[in-house]
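Protein chains in written order, with my numbering: chain F, 1 to 294; chain Y, 1001 to 1463.
Hints listed in this document are in silico derivations from the structure and should not be mistaken for laboratory results.
Values in this document were obtained by computation on a predicted structure and should not be read as measured data.
Hints may contain errors.
To be verified - Have a look at the derived ranges for each label pair, beta carbon to beta carbon:
{"id": "1", "chain 1": "Y", "residue 1": "Glu1108", "chain 2": "F", "residue 2": "Tyr5", "range": "57 to 65 Å"}
{"id": "2", "chain 1": "Y", "residue 1": "Glu1322", "chain 2": "F", "residue 2": "Val112", "range": "41 to 49 Å"}
{"id": "3", "chain 1": "F", "residue 1": "Asp115", "chain 2": "Y", "residue 2": "Tyr1354", "range": "19 to 27 Å"}
What the hints assert, rightly or not - If you want a taste of the chain Y side facing chain F, the calculated C-beta under 10 Å gives, among others:
{"id": "4", "residue": "Val1093"}
{"id": "5", "residue": "Arg1094"}
{"id": "6", "residue": "Trp1097"}
{"id": "7", "residue": "Val1260"}
{"id": "8", "residue": "His1262"}
{"id": "9", "residue": "Ala1271"}
{"id": "10", "residue": "Ala1272"}
{"id": "11", "residue": "Gly1283"}
{"id": "12", "residue": "Val1290"}
{"id": "13", "residue": "Tyr1296"}
{"id": "14", "residue": "Glu1315"}
{"id": "15", "residue": "Asp1319"}
{"id": "16", "residue": "Pro1321"}
{"id": "17", "residue": "Trp1463"}
By construction, the Cβ of each residue, glycine as well, lies at the ideal position given by its N, Cα and C atoms.
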Amino acid sequence: MFEAYPAYILNGLLYASLLFLLSSGLNVVLGVLKILNLAHGSFYVLGAYLTTSFVALFVATGLPIYLVYTQILVAAAVAGIIGFLFEPTLLRPIYKREESYQLLLTFGILLVLSDVTKIVWGLGAKVAPEPFKLLGSFTIGGIPFPYYNLLVIAVGFVVFLMLWFFFAKTRTGKIIRATATNREVTTSLGVNVPRIFTLVFVFGCFLGGLAGALAVPMQSIFPGLAMEMLILSFVIVVIGGMGSLEGAFIGSIIVGIARSFGIVYFPEIELAILFIIMIIVLLVRPQGLFGRRE
Amino acid sequence: MGTYKHWREVKFLSEEKKEVSRRKFLATSIGTLVVGAVAGYAGGYATAPGKVVEKVVEKPVEKVVYKPPPKRPVPKEPIKLAYRDHLSGALAVRGEWTKRAMELLVEETNKEGGILGREISLTFHDEAIPVEECVADFRRLGLEAKVDVIIGTTSSGVALAQAPVADEIKTIYIIPHAASYKVVMEPHKYVFRTNGHTGAVPIAMALYVLKKMPDVKRVAHIDMDYAWGRDNWNVFIATLKKYKPDVEVVAEVWEKVGEVDHSTAITKVLAAKPDIVFNSHWGGQLVSLVRQAIEYKFFEYTTFVCTVIEEAFPEIGPDFPEGQLGAPWTFYWEYPGYRWNLNRWFVKKFIEKYGVPPNYPCMQCAAAFFAYKTAVEKAYEVLGEYPTKEQIAETLAGLAYAHPGGMNRIRREDHQALAPPTVGVTKIDPKWNMAVLHDFEVISAELVYPPPFTEPLEWIKTW
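Work the whole structure out from these sequences, hints included.
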């Protein structure tokens, strides 16, 4: 039984990596713009669908096949650009309004984008297996494990480190944090706050798209997942603490590992595991693992 | 007739006589053993037990010739057929397929003169709305739109809610897709189900596994954590254990509906080293499971057994592993060797029009459609006039009919069609560049369908 443990841990980290990537975009937007972007799940879905199309197109061109991985980044970038269409036009006018307007608007975007994906990509499941197939798999503890999954785990860690470095060490990162803390003061200091907001929103959409783009080669994408992904990312944000990157990272790992061993020892727990952890965190630390009390 | 409530008002003369004679026969033979030639005749001439006296009565026999009643004209206005399925939402891909099937069936039937010369007008109704709205719309279809027949419903929950309404609005309701055995646990006058259910198909699957892999011992499963997955697994493993009590369940995974990450499920199952892994996933979740399983080399270590395996064929394409066991739930488009005329008719036309073979929900649509068509035609033949809804319902109960997926007999008691499930092994067909089922078998309905109103697990215990 124990020989399978390394594989279970890797599976847990894989799930954690996807959860972190998925939730980090929502988290950044929530932390800086103070907007709960309900359309976030749609950007995951867009990233995934775009990857299926780009990978298929890329394979058809006959270019060196190992460059197929660039398509994942291209798809995530296009998801970010689609996000760019929404921020200055739809979101900017409602920052000063009540929160319910933001929820209605972003939920509306989710519904519209869900229909757009149905019109563009149809109703069936879509796959993009090439990046997954290309790397093959190795055996750990007698159990096969695909190399691609290792890549996804690595990307999750790298993105976390980069985000942490960006917000803690770079000038732009610090400006963004300052904007998040106090909009008026940063404006008075000459910071172009609307531009920062656009940048952060696009970046958030890019991260959501990246999660979808990385996930789709090993899974598949089909209608109805936008809502599923929104709920997942929201739970992680609650566990980690609103707007806390470290919280989301640690929270994702806890959920990933707990889910992995939960499935192994209590097969019926999968439905509830995420919410059980969320309830425990809410009872013990209502502000989330790394959240600050308001 | 047993506990079955005999509600039929139109009784054919011959049947009434048979009924009377059977009772008389039973009455006279109480306490005695009547053997042989007297069976079937009114009044046995039994004397002492074990001794049978046969008396031949010479009498000029009046020859009875069946004369069909004179045919009255058929009404001119079109037959209104309402079809309900998921046309939006997460399951809309089903509706997309079945819509094609229904359109094709109606179009081609209309070309050939409709049903008894009556054209069919087809309307589509969405199922991806709350259950109570489905029910309200269902009632409206019967009372306001006055449709002749309602075909459809994928969700068993919706089917269960609509069934009593069908009796209330006295409109024939044929369920082609919803697969919970619970849908036919209550008697209904106007409700019929023409595909296999969760109390039967997993039995067929288990029998096929026992035949193909008689040494099967270690069994694992990955199923969705709701009634569908639970019924599938419970009935499958009960059947398997009945014939091979030493079968061992080595790993269980219950996934939530809509789960796309199956990595832990696959690892857990592989770590348990099972001979087979049972599964009943459908839709995108099945696609993502198979996709991930391929990269985990799952199929090199174990054999996959899936009751709706056909659903993943188009998306996985030529990567689908060969040699896996599975069923297209009940009907397969390639009915063994195209021996069936209706099968050729439907499948060829479907491929001509849409470029792909019909999947199992399309075959299920055809099974429901031909149930209605055959019932109307049969009833007209017997009655000599166009049948009322009630008369069509009476004909449907007990009807045996051919359809593109094979041969169905609808049971009188619970109106469940005894639809023999198809099971087979996957193989890549270069013609379609995807997996198909080959080496398939059609399992006799008598072997797999529990008696009316019987819980499948209770029935298996009695074997």
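A quick look at each hint next to the structure:
1. Glu1108/Y / Tyr5/F: 57 to 65 Å: holds (59 Å)
2. Glu1322/Y / Val112/F: 41 to 49 Å: holds (42 Å)
3. Asp115/F / Tyr1354/Y: 19 to 27 Å: Because 24 Å falls inside the window, the suggested range holds.
4. Val1093: Given a least distance of 4 Å, the restraint on Val1093/Y holds.
5. Arg1094: Constraint on Arg1094/Y satisfied, holds at 8 Å.
6. Trp1097: holds (9 Å)
7. Val1260: Since chain F brings a Cβ to about 4 Å from Val1260/Y, closer than 10 Å, the hint holds.
8. His1262: holds (8 Å)
9. Ala1271: holds (4 Å)
10. Ala1272: holds (9 Å)
11. Gly1283: holds (7 Å)
12. Val1290: Check passed: Cβ of Val1290/Y comes within 9 Å of chain F, closer than 10 Å.
13. Tyr1296: Holds, because the Cβ-Cβ distance from Tyr1296/Y to chain F comes to roughly 5 Å (cut-off 10 Å).
14. Glu1315: This hint holds: Glu1315/Y lies near chain F, its Cβ roughly 5 Å from the closest one there, short of 10 Å.
15. Asp1319: With a closest approach of 7 Å, the Asp1319/Y hint holds.
16. Pro1321: violated (13 Å)
17. Trp1463: Violated, about 28 Å.
Checked against the numbered hints listed earlier, the structure breaks hints 16 and 17; every other hint is satisfied.
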